[in-house]
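Q: What follows is each chain in one-letter form.
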Amino acid sequence: MNGEPREERRVARFLLASSQFARTTGRVKVGAFLPPANGRLSVFDTTRADEDAIWSLGRIHVAEPRRKTLHGRADLDVKAVHDQGLRIDVAPPPPEHANVVGWPADDGAQEAVALQLAERSRLVLNPSP
Amino acid sequence: MNGSEDGAASVWIHVGDVAIGDSAQALRQCLEQLQESRSILGGLAFSLAELDQAANEARSDGWDGYQGVALDCDTWARARRILIDLAPGLPTPSVEADPRSNVLLSWRPAPDRGFVVAIRDSGRMTFGGRRGSSGIHGHEVGHDQLPAPIVHELRRMIGSDPRTP
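In order, the protein sequence lines correspond to chains A and B.
Quick note, the first sequence lines up with residues 1 to 129 if you use my numbering.
Quick note, the second sequence lines up with residues 1001 to 1165 if you use my numbering.
None of these hints come from the bench; they were simulated from the model.
Everything numeric in this text was worked out from a predicted model, so none of it was measured.
Treat the hints loosely; a few may be bogus.
Stated by the list, open to error - Coverage of chain A stretches by chain B, computed from C-beta distances (three or more under 8 Å per stretch; other residues unrestricted):
#	stretch
1	12 to 25
2	35 to 44
3	53 to 67
4	102 to 108
5	111 to 118
Note that beta-carbon positions come from the ideal geometry of N, C-alpha and C, so glycine has one too.
Sequences and hints are given; from them, build the entire structure.
A: Below you can see the structure in the form of structure tokens.
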């Protein structure tokens, strides 16, 4: 991710399963940040996008192609990702799409990292799911 | 009333006071235990409901909209037994399915303290935790209960005692 001081950037992980967050506590759960088997956790660069544009990204590029409900998103500062020793690789299309990569091989270590990412993320519920 | 009657009355009242005091104390203890049990059962019921919600949602591959693998019935059943037999004194965890077909139990009492256990279909459990700047991760084998080493690390990571390392 280039163009701005990287630590000031922000990414979003779109949430398509209601069991990945808790409305009552306003928290994103750990599993939302665990990588799939290919080690690429899909996120979107939302640094320069306003709210409408962010939800459009999630709706058009994530939820609708999969015929899923867009329940919400987990916002995360890029610094939080880098602090865990991970990096973000751009992966268009669309140009905002990226993957969090560089995960440790050990499953337990991945869980410890995902725990930290979940703790530092902010849950934003979709106002019109 | 003569002295002896006074004495008898005094003894009776004394015994009565003791009896009432004991009963009140026993009743108070019962109520405290009942409240604790209700709290534990309430927490357990919530965790079991979370597990069922997660299992219902993770019935097929791609359930999370990405590459999430469906949760299998055996892992769900194991997680359920583990929750019911959770070690005494442990707070009830948050429960969810993860994209690798595991059930995750997580405890996050504070931003700098947390612990997560992944229950896998193989009987293997992996775990990761953090307390301040120190972290831990590993794996153990366990079937229907959290293995003692995991419980030990869990208590160490999420305990409220600031002297706990």
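Q: Decide, hint by hint, whether the structure agrees.
A: Tested hints:
no.	hint	result
1	12 to 25	holds (count 7)
2	35 to 44	holds (count 5)
3	53 to 67	holds (count 3)
4	102 to 108	holds (count 3)
5	111 to 118	holds (count 7)
Violated hints for the displayed structure: none, as all numbered hints are satisfied.
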